[in-house]
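Visitor: So the protein lines, in turn, are chains A and B. Mapping to UniProt numbering: the first sequence position 118 is 118, numbers consecutive. Mapping to UniProt numbering: the second sequence position 15 is 15, numbers consecutive.
Quick caveat, the hints were computed from the structure, so don't treat them as lab data. For every residue, glycine included, the Cβ atom is placed at its ideal position computed from N, Cα and C.
Now the stretches of chain B that chain A is said to cover, found in silico as 3 or more residues with beta-carbon under 8 Å:
hint	stretch
1	95-106
2	120-134
Here are a few chain A residues that sit away from chain B, every Cβ distance over 12 Å (derived from the structure):
hint	residue
3	L51
4	P67
5	Q73
6	Q80
7	G83
8	L93
9	A114
10	L118
11	M142
12	R143
13	L247
14	V249
15	A264
16	I281
Counterexamples of contact, computed for chain B against chain A with all Cβ distances above 12 Å:
hint	residue
17	G20
18	Y47
19	L219
20	D239
21	L325
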Amino acid sequence: MSELTKSTAGAGPAQTAPAAPAEPAIARVTQWGEIRHRFLANKLAVIGLVLVALLFLVAIFAPLLSPHDPYAQDLTNTLQGPGGDHLLGTDALGRDQLSRILYGSRIAVVVGLASIFLACVIGIAVGALAGYFGRGTDSVLMRIADVFFAFPLLIGAIVIIIVMGRGVTPVIISLAVFSWPTVSRLLRSSILSVREADYVLAARALGANTRRIILRHILPNSIAAVMAYAAFNVGGAIVAEASLSFLGVGVSPEVPEWGNMLAAAKDFMGVKDYLWTYPSIAIVLTVLGFVFVGDGLRDALDPKLR
Amino acid sequence: MTTSSITAEVPRQRGEGAEGPVLEVRDLHVEFKTREGVVKAVNGVNYSVSSGETLAVLGESGSGKSVTAQAIMGILDSPPGRVSKGEILFQGRDILQLPESERRKLRGPKMAMIFQDALSALNPVFSVGNQLGEMFRVHQGMSKKDAKAKSIELMERVKIPAARSRVNDYPHQFSGGMRQRIMIAMALALEPDLIIADEPTTALDVTVQAQVMDLLADLQREYNMGLILITHDLGVVADVADKIAVMYAGRIVEQAPIHELYKRPAHPYTRGLLDSIPRLDQKGQELYAIKGLPPNLLKTPSGCAFNPRCPKAQDICRTEVPALLPVTERDGTELAGRGSACHFREEQLHG
Numbered sequence: 001m002s003e004l005t006k007s008t009a010g011a012g013p014a015q016t017a018p019a020a021p022a023e024p025a026i027a028r029v030t031q032w033g034e035i036r037h038r039f040l041a042n043k044l045a046v047i048g049l050v051l052v053a054l055l056f057l058v059a060i061f062a063p064l065l066s067p068h069d070p071y072a073q074d075l076t077n078t079l080q081g082p083g084g085d086h087l088l089g090t091d092a093l094g095r096d097q098l099s100r101i102l103y104g105s106r107i108a109v110v111v112g113l114a115s116i117f118l119a120c121v122i123g124i125a126v127g128a129l130a131g132y133f134g135r136g137t138d139s140v141l142m143r144i145a146d147v148f149f150a151f152p153l154l155i156g157a158i159v160i161i162i163v164m165g166r167g168v169t170p171v172i173i174s175l176a177v178f179s180w181p182t183v184s185r186l187l188r189s190s191i192l193s194v195r196e197a198d199y200v201l202a203a204r205a206l207g208a209n210t211r212r213i214i215l216r217h218i219l220p221n222s223i224a225a226v227m228a229y230a231a232f233n234v235g236g237a238i239v240a241e242a243s244l245s246f247l248g249v250g251v252s253p254e255v256p257e258w259g260n261m262l263a264a265a266k267d268f269m270g271v272k273d274y275l276w277t278y279p280s281i282a283i284v285l286t287v288l289g290f291v292f293v294g295d296g297l298r299d300a301l302d303p304k305l306r
Numbered sequence: 001m002t003t004s005s006i007t008a009e010v011p012r013q014r015g016e017g018a019e020g021p022v023l024e025v026r027d028l029h030v031e032f033k034t035r036e037g038v039v040k041a042v043n044g045v046n047y048s049v050s051s052g053e054t055l056a057v058l059g060e061s062g063s064g065k066s067v068t069a070q071a072i073m074g075i076l077d078s079p080p081g082r083v084s085k086g087e088i089l090f091q092g093r094d095i096l097q098l099p100e101s102e103r104r105k106l107r108g109p110k111m112a113m114i115f116q117d118a119l120s121a122l123n124p125v126f127s128v129g130n131q132l133g134e135m136f137r138v139h140q141g142m143s144k145k146d147a148k149a150k151s152i153e154l155m156e157r158v159k160i161p162a163a164r165s166r167v168n169d170y171p172h173q174f175s176g177g178m179r180q181r182i183m184i185a186m187a188l189a190l191e192p193d194l195i196i197a198d199e200p201t202t203a204l205d206v207t208v209q210a211q212v213m214d215l216l217a218d219l220q221r222e223y224n225m226g227l228i229l230i231t232h233d234l235g236v237v238a239d240v241a242d243k244i245a246v247m248y249a250g251r252i253v254e255q256a257p258i259h260e261l262y263k264r265p266a267h268p269y270t271r272g273l274l275d276s277i278p279r280l281d282q283k284g285q286e287l288y289a290i291k292g293l294p295p296n297l298l299k300t301p302s303g304c305a306f307n308p309r310c311p312k313a314q315d316i317c318r319t320e321v322p323a324l325l326p327v328t329e330r331d332g333t334e335l336a337g338r339g340s341a342c343h344f345r346e347e348q349l350h351g
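Please take these sequences and the hints and turn them into a complete structure.
Guide: Written out as structure tokens, the structure reads:
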């Protein structure tokens, strides 16, 4: 803890040092410095950050970390328990479990981040327009959002994937298509209050155009909730993606992916439990990591929300 | 330094070149459509401001003074707000006829507004230097570096100590008075011809009020701008304004050169306002208050809107709306620049 506070206190003046070299005694606290400090003071958030960082490292260095080729079948060594050459055992086709879990993190990261990013892009655009213009625009856009919101995610995703074919891209698109309404609703509601703020009126009185008012004055003041939501829900997207694969409509079954592994493991439940426990642990740790980061981010961005 | 001396020259020439008042509001009507009906917030307001002149607009909450200002600036919330009638002549042009894009170009370089609460009128997520610089970057296409230098210059102009080191601070890190100075600096940035200050000192404590008011008056003289000062505080405007318009229920009930209004009000409402200022020589006595409440603008009283609260109301006050008419001395000579919307204005004036 003391190390953390020390490091943030040290980072504060170092960052603004070139601006005010004459007075090093006064440590200037920038807004980001404050947010970072609040985030790092939150133990759960730090744990989450470590988990997420680990996930990213594993995803990047999966080829280096994996002891075996995740695709390589070894039919003489199927369903080996953990230990020996295969640390987490092998599956029904003799593929190394550990390697498949490590490689699985790649799909999890890509799908989780990309689908939330896409959802945010759509959601922010729709939410900003609805919130700022209000009235007819608002009603129309929000009713469209309601339709997507009400549609069951898995059914909708399956339909999209059937039309587009299997693969990573259709999974990303189908997850984004059904999660943007939450983003747009969150943003819309905070814009409704920010829009009435005096600084928006002041910006208009000083000749700012609509685009500038939305992008510069309204969005930065209402985006906090969306950022927290996004971090929070990367985990959710990863679970949804695993569910799609588990149901056999995600990525191809031979691809090392956590949902695929669980789907293959379900036939051996109660017999070869290590087949489903390890991928499940990977999913749980990943989701927890993102949830903790999301929580920490929300508290750090707006301590009043606590 | 050279730049500031050049810029100080420009508005003076501009002021001399302009014919007539900078701003003239003619018979302005503003209404708001609400669920309960049409709220008539402004009902035929006329006033004008010349360069270098300060007009104080005085009124209670809901008297239409801020709405008039917003209509001039073109930042009325519309819908529901709407200018239903009238003209707003800015440098001789009726700006109500201009398309929105043209009007937007006026805001900032030609007319600017100072808001009551600087903390909420400044964007909390950007540094003040960034927000001041935005004026130059957007309206004049200045580079980030130059804009920052200009921001520091502006902050020095409005007498913010240590401007150079505070330029990167955020609004919440400033005191109320300093924030209001930043608001003033922002409005002044492009040296507009007209500034509307909507209760610029209401959110400040009394000692700071005087400083900010003085600063505003100094800068106005220096730049030779027209200034509309909206307030509900008679004490604030006495030393600063040239003339005053008192508003009640969306109408101007009295207008006068500032000192004459204090000496001899010609409307019972103004009289009441003056009498309700606490005075040292009347210590211990009960303070006068105008009875009743401001009228509901959904249904203003018939006749003179002030009649239910007026101590001198007669039958005619309940039936006929008094027009804003010139007032005269006892001998019949017209008093320059004075007007009162009271049926008994002469009696009120001469006691």
